[in-house]
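J.: Here the protein sequences line up with chains H and Y, keeping their order.
So the first sequence is numbered by my numbering: it starts at 1 and just counts up by one.
So the second sequence is numbered by my numbering: it starts at 1001 and just counts up by one.
Hints listed in this document are in silico derivations from the structure and should not be mistaken for laboratory results.
Straight-line C-alpha distance at most 20 Å; calculated SDA-like pairs for lysine to any residue: (1) Lys1057(Y) to Gly120(H); (2) Lys1057(Y) to Asp116(H); (3) Lys1055(Y) to Asp96(H); (4) Lys1057(Y) to Val118(H); (5) Lys119(H) to Val1058(Y); (6) Lys119(H) to Pro1066(Y); (7) Lys1054(Y) to Gly120(H); (8) Lys1054(Y) to Ile1016(Y); (9) Lys1054(Y) to Glu121(H); (10) Lys1055(Y) to Thr126(H); (11) Lys9(H) to Pro85(H); (12) Lys9(H) to Glu64(H); (13) Lys119(H) to Pro1061(Y); (14) Lys119(H) to Val1069(Y); (15) Lys1054(Y) to Gly92(H); (16) Lys9(H) to Arg110(H); (17) Lys1057(Y) to Ser141(H).
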Amino acid sequence: MILEHAELKRILPHRHPILQIDRVVEFEPHRRIVATKAISGCEPCYADLADDADHRFPTSLLVESMGQAGGVLWLHSAALSGEPPAGTLILGSARDVTLTGAAYPGDVLRHVVELDSVKGENAFMTGETWVGERRIATVGSMLAVMRADDALTPAG
Amino acid sequence: MTTAIDQTKMDELAEIAVEVLEIEDDEITPTSMFVEDHDADSLRAIEILARIEKKYKVDIPQAELPNMVNLQAVYEVVARYAGWQA
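The whole structure should be built from the sequences, with the hints applied where relevant.
T.: Below, the structure is given as structure tokens:
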């Protein structure tokens, strides 16, 4: 199953410029997803960067992008099963993040995310990010949750 | 009701909690409170629960989360569902 960008907008609440995946190229419901994101020099994160600065794609956005791939895996699987969780999607945590490389404008990120377990409105996943034949990141444990709007109160 | 403590299992639970809460080993005690003393929130709590389920291959209902306020309480909940005998 391949999901194009427009279809991802029906699954995820994210929009430009924070929708950080472009296409799903492999999808095994409740198990595994492979999603891609093309990095361009047009990304907002490069807008104000000095010419001689390091142009590696920020780790925060890389993890966010992987998390969104995981979100699609969880939410689309649940929707296909007729049990879509309600609420606002939140990336709860990313643990054991290991960086073994970097990505730059012109690279295509390929996230491979596996669903470890789902507990109620909480999904636990693991993931890797590849650029070509290079694995540039692994996340040992990633938590995505859905929370009702009234449970999301500002920090006191 | 109190549960006789298997220290090895208590140490394992402490290890999970310390890792998820991102605190030092010596900061946690059986009765230190996850929320009040260690700044835990509902996301940390569900992480602790999930790790315990995976480690001990036990199913613990989310309804038990409000009871799991410190290590002692976690131990008693897990002991009940995992069938740990005193």
